[in-house]
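Visitor: On the provided structure of chain F, position chains E, X and W as indicated by the hints.
4 protein chains.
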Amino acid sequence: MSTLQTGRVSPTEMASTRLTVNLTGLVTATFTPLTSEGELNLSVIGPYVDYLIKDQGVRNIFVNGTTGEGMSFSVEERKRVAEEWCLRAKNKMDNVIVHVGCLSLKDSKDLANHAVTVGANGIGVISPSFFKPKTADALRSYLKEVASAAPTLPFYYYHLPSYTGVNLLASDVCKGLETVIPTFSGVKFSGTDLMDFGQCVKYSQPNQSLFFGVDEQLLAALAFGANGAVGSLFNYLGSHFNKLLIAFAQGDLVRARTLQFKVQDLLAFASKYGFDVAVNKQLMSDLSGLSLGPPRLPLIPCPPETSAAVAQKYHQIFPPED
Amino acid sequence: MSTLQTGRVSPTEMASTRLTVNLTGLVTATFTPLTSEGELNLSVIGPYVDYLIKDQGVRNIFVNGTTGEGMSFSVEERKRVAEEWCLRAKNKMDNVIVHVGCLSLKDSKDLANHAVTVGANGIGVISPSFFKPKTADALRSYLKEVASAAPTLPFYYYHLPSYTGVNLLASDVCKGLETVIPTFSGVKFSGTDLMDFGQCVKYSQPNQSLFFGVDEQLLAALAFGANGAVGSLFNYLGSHFNKLLIAFAQGDLVRARTLQFKVQDLLAFASKYGFDVAVNKQLMSDLSGLSLGPPRLPLIPCPPETSAAVAQKYHQIFPPED
Amino acid sequence: MSTLQTGRVSPTEMASTRLTVNLTGLVTATFTPLTSEGELNLSVIGPYVDYLIKDQGVRNIFVNGTTGEGMSFSVEERKRVAEEWCLRAKNKMDNVIVHVGCLSLKDSKDLANHAVTVGANGIGVISPSFFKPKTADALRSYLKEVASAAPTLPFYYYHLPSYTGVNLLASDVCKGLETVIPTFSGVKFSGTDLMDFGQCVKYSQPNQSLFFGVDEQLLAALAFGANGAVGSLFNYLGSHFNKLLIAFAQGDLVRARTLQFKVQDLLAFASKYGFDVAVNKQLMSDLSGLSLGPPRLPLIPCPPETSAAVAQKYHQIFPPED
Amino acid sequence: MSTLQTGRVSPTEMASTRLTVNLTGLVTATFTPLTSEGELNLSVIGPYVDYLIKDQGVRNIFVNGTTGEGMSFSVEERKRVAEEWCLRAKNKMDNVIVHVGCLSLKDSKDLANHAVTVGANGIGVISPSFFKPKTADALRSYLKEVASAAPTLPFYYYHLPSYTGVNLLASDVCKGLETVIPTFSGVKFSGTDLMDFGQCVKYSQPNQSLFFGVDEQLLAALAFGANGAVGSLFNYLGSHFNKLLIAFAQGDLVRARTLQFKVQDLLAFASKYGFDVAVNKQLMSDLSGLSLGPPRLPLIPCPPETSAAVAQKYHQIFPPED
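Protein chains in written order, with the numbering used here: chain F, 17 to 338; chain E, 17 to 338; chain X, 17 to 338; chain W, 17 to 338.
Hints are supplied without guarantee of correctness; some may be wrong.
[Said to hold, decoys possible] So these bits of chain X aren't anywhere near chain F, every CB distance computed over 10 Å: (1) Thr151; (2) Tyr179; (3) Thr199.
[Claimed, not checked] The calculated DSS-like cross-link candidates involving lysine-lysine, where the alpha carbons are at most 25 Å apart (straight line), are: (4) Lys218(E) x Lys329(W); (5) Lys70(F) x Lys108(F); (6) Lys288(W) x Lys288(F); (7) Lys122(W) x Lys95(X); (8) Lys218(W) x Lys288(E); (9) Lys125(X) x Lys95(W); (10) Lys95(X) x Lys125(W); (11) Lys259(W) x Lys218(E); (12) Lys288(X) x Lys288(E).
[Claimed, not checked] Quick look at which bits of chain W chain E covers, simulated, 3 or more residues with Cβ under 8 Å: (13) 204-211; (14) 238-248; (15) 271-277.
Everything labelled a hint here was simulated from the structure, so no lab data went into it.
Since we're looking at a predicted model, the values are computed, not measured.
For each residue, glycine too, the CB sits at the ideal point set by N, CA and C.
If we strip away everything but chain F, and leave its shape as in the complex, we get (with noise of 0.2 Å):
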């Protein structure tokens, strides 16, 4: 018998991928279907959602986020996204979260109410990143002006520096967030600042979800207490990263350790050949049969031979068997 404790989640919690009082586990940043002609292909989120759960055993999304490439789409497209997504998984799905960020405060709060009316369980919302706020003051008064469109729905803030450039520190602008924004229900931290992270376990409230958002990097991030995690690469390796929440939750930290430096080894690979969205995406259709299409400008198609070589390389590291 284990008498490892991880502190915030039980074993029994952490390979959970149910909602309880907060949510935890795996949570996957869903990719938008387009058509060949690069619109809105909204029949294929239907398969999606089963694909999701049946495949992958997760049963949270994160939708519109940057996986989703929500900022490269029109807010009437944003929203039919959503709605779609709510719809389909309904019933299926424990959580869908929306993600309302956009650079016009206007845009997000349109798109954080269009969220309650489609029975969305959550909104997400990321810093804007033309004008980058000053200080978590100036973010804080941002996000909580989104939120007030908002308001039955449980509220993340969304922090990625690399994306947006923004510098501060996720621990300064989710400090007693809750008292500005009664909905403030957690984090996505999807940044490598792992003292600040730590930063923003160690002062959030119990009620509040700490998802990390570097999936190669997860590992370090539940040694600090993260519940769960938000990422793209739950929708192929959804069922690898829950043996590795499992592995953690048992004390097992050498397993862990294998699980996730198998994650790195597949990202070192990809990483040769300029791993983003527009080559994830691909790799997604290949791998999972659905047809997602291309990406939006200015992403570009990713070439077949690059998503070809890195799904040879997944099927090489996680053999069927696996």
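Guide: For chains E, X and W alone, kept in the frame of chain F given last:
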């Protein structure tokens, strides 16, 4: 009689702000007036047009750009702003360039098409900056799509590396762009890499405009062959910069330098306070008497003492008789 | 009884600071004592050795590194410092690793050879940072040259991207380095890219040490298989970090996390003051009672009130009975 | 007859490379000749001096700087190089400026003192870049210490942000520096922030030299009042740049621009190959016939085909009759 050869434009052209074949001289990047509640305050735009012409001697404007917080508004708001400027500038201004860049290609095309309908004289497009184009070709494909929605309007590429974080060379983006985008008419170069700017100049076509967008370094760009400038400082230093253009066109580099250094002194002072669009907007209200209101989040209003200190410095450097 | 598998080292090994086959546990990066006039004050080194052993429980040191301001001293000064540490640590410490990295290859070889003559137990080498090596191969060639001057000593690569600005992955530098440098014995990884660190661990040989050098994130690296740590905080938090190592080795992640978060709280506080080697050095003088003197230019002495404030926070977070 | 006012220097002065009151015109940053085994090859320096005077028309040199790989040599080697240049340039060159910047203050002082003894005409000092000075005052204190070791020599601050990563404004470092360092005689400004350069010019004393160090943007700096230039390209484009200086001094900006753009074309071509000091050094050997040898590690020798391709482009852009 001066023997100075400035190359691209004659002294008379340079001093003029009227359009001849291609756009030259000063183009003011306008602020967007808001009410104290943060909503559009279109009623200020009419007086704003008159002020620019009468007090600053500028007859070309660039609306919904960085200075105008275009990225912070919804598509609908941007349309209303563009429409009002076009309406009020009619028969008064020479050119209204509408910036239509967005993160979403669909939104940009929508705005480009709208610019045609409201009688704009050109459109400007910045690179999307959340997903950064990886190659000049990717960006060119994006720009081409936007331009196709306004096939009758001159098209300007807006190069702004400090805000967008896009590392592509403007010269790589622009070289031969007229073969891809028939309406390609020039670049608003708001970077400090003068080698890149030099290459833009050298490989430009005669009917293309090379606008420099870093006001405090304009003299350097003039030496490299800039046709004119797009900037925010012309809101309250338009007549001063017109003198600089004239001094340069007359071959009086000593005077041009003296005028340029005064601008640098003002900015060096202002930068100690963190000079951003918010401070700049309040400063313009203070100096012009126009009521431009606050910026929109995530920008936060400038403390009154900050703009007052900068305004005082302005009056000291640029006394009325100057 | 714990079933935790830490993989590379057993709990007993991890808690131990003694060398077995390869170096494990805590390695303190020492400060270099100066007189108030800024000259070497070698007389402090003897008491410093005793203090580290008795008060902090550390038996391994890394001298003339970043903490020791090695780069700021002349070759002659560095030799005198290295010699004194080796002399005073003899029969008391387990390992004295001498950092011999310089901008000049000749100087590094000179220092490497000297390290042999004074009885050091290993050498560490950082990448030159003025001319940054463009490829891992270029850096490996450089390191090989340095190592050849100390063919009898274990060789450690010191990876410090934040100071050097060198963007090469440590895993690309280290993979198979034992075939190029027979004495290659491990890496001091002072970066925050844990995917890179994970790849270092995965592709390391059993006799190589994986030291982590970002003290405030050590727990994350332990989860990834770090053998130990090289850091400056062990100067006054050595016994605290030894508790952290023991907690981790015993599978008590809750306790390990609690101990790690205390360190983060101290650094979060200190970073508001601009925590650098100068502040750290004065803090060490304040906490240890050793007279380490000022830093050398271009570092400037820490204001007494700064180190006093940090020292007060230290005593608050780590009360004597802790 | 031109009415151009260049302000700081008359056309005659600008075209001249001879020193009058303060140093003006072109200063060539020299490479350091090595044998094929990588040791100093001092015998090449005599012919190098004659080549620069006869073939390139330059009479001022800057030795042991970035181009000269000063940072990669030991103090002893740097002394031998400086001595040889001073010896061979005597009665031939107008000025030999010896760069004495190091990471170690003691080494810099040692080199500064040595420069006096070998008859140098000035010293240049770059900021230390491992420990980056946090404030202009810290850097000024450092520079003061170095200058004090060569109290009879003109002192130049060498501003090179891209290599050092030091973000301090040169204008903040230099303003009033003559009150701290009586020998302060100017700046070698090798950055691209022309606002900062403009402030250096405006607040400089009449006896101080404002050298620009980004050769491909020199015309811009001349417009801002630069006295001259320190650069590596003058090794093989000295006579070309002298024509540029003359064209500028005569008020012929069209010609100056044409000459500047040719240089940019060469560098744009070369930069596709990763133009660094190693490539530059081999190119100089190819073009001059001098045998400069390889660079020292961590720079790696330039592949022959690379320098050959750049040399071919050079001959195409600058045909013999040009």
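Visitor: Please list, smallest to largest, the hint numbers that this structure does not respect.
Guide: No hint contradicted; all consistent.
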